[in-house]
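All chains, please: the whole structure from these sequences, using the hints.
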Amino acid sequence: MKVFASILLSFAGTLALCQASWAQMIKDPEILEGIYTESRDYLESVPYVSKKGLEIILAELGEKEVKARQAKPEDFIDMRFVAELERDGFFKKLREK
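Residue numbers (our numbering): 1 to 97.
No lab work stands behind these hints: they were computed from the structure.
List time: in silico DSBU-like cross-link candidates among lysine-lysine, alpha-carbon distance up to 30 Å:
no., residue 1, residue 2
1, 51, 93
2, 51, 64
3, 52, 67
4, 67, 51
5, 72, 51
6, 93, 52
7, 72, 52
8, 92, 51
9, 92, 52
Restraint ranges, calculated between C-beta atoms of paired labels, are given here:
no., residue 1, residue 2, range
10, 35, 62, 32 to 42 Å
11, 72, 28, 37 to 47 Å
12, 95, 34, 17 to 27 Å
13, 63, 92, 36 to 46 Å
14, 42, 86, 15 to 25 Å
15, 34, 75, 39 to 49 Å
16, 81, 55, 15 to 25 Å
17, 65, 41, 29 to 39 Å
18, 27, 67, 39 to 49 Å
19, 92, 33, 15 to 25 Å
20, 29, 63, 33 to 43 Å
21, 36, 57, 24 to 34 Å
22, 96, 67, 37 to 47 Å
23, 25, 86, 31 to 41 Å
Note that this is a predicted model, so its numbers are computed, not measured. C-beta: ideal position from N, C-alpha, C; glycine also.
As structure tokens, then:
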């Protein structure tokens, strides 16, 4: 579980750099790394899923999909594992690297 979370968070940083490159057409890796370093403090340090965010997504999907109108965020969210990793101090240690 910890390995998966490490990979996920590492991938999130890489994905953020790729997105910045694509969105702004920045090709210089040093500039991209600087952007990521400056903005990572604003990213969630523990990857909890936002219930409100999922409600917004379901509402948008609900305009065309009946099942989405009937769905609740709780049907999709299970944050037990994230909570356990947070209690163990895993994300704090990962952030310190």
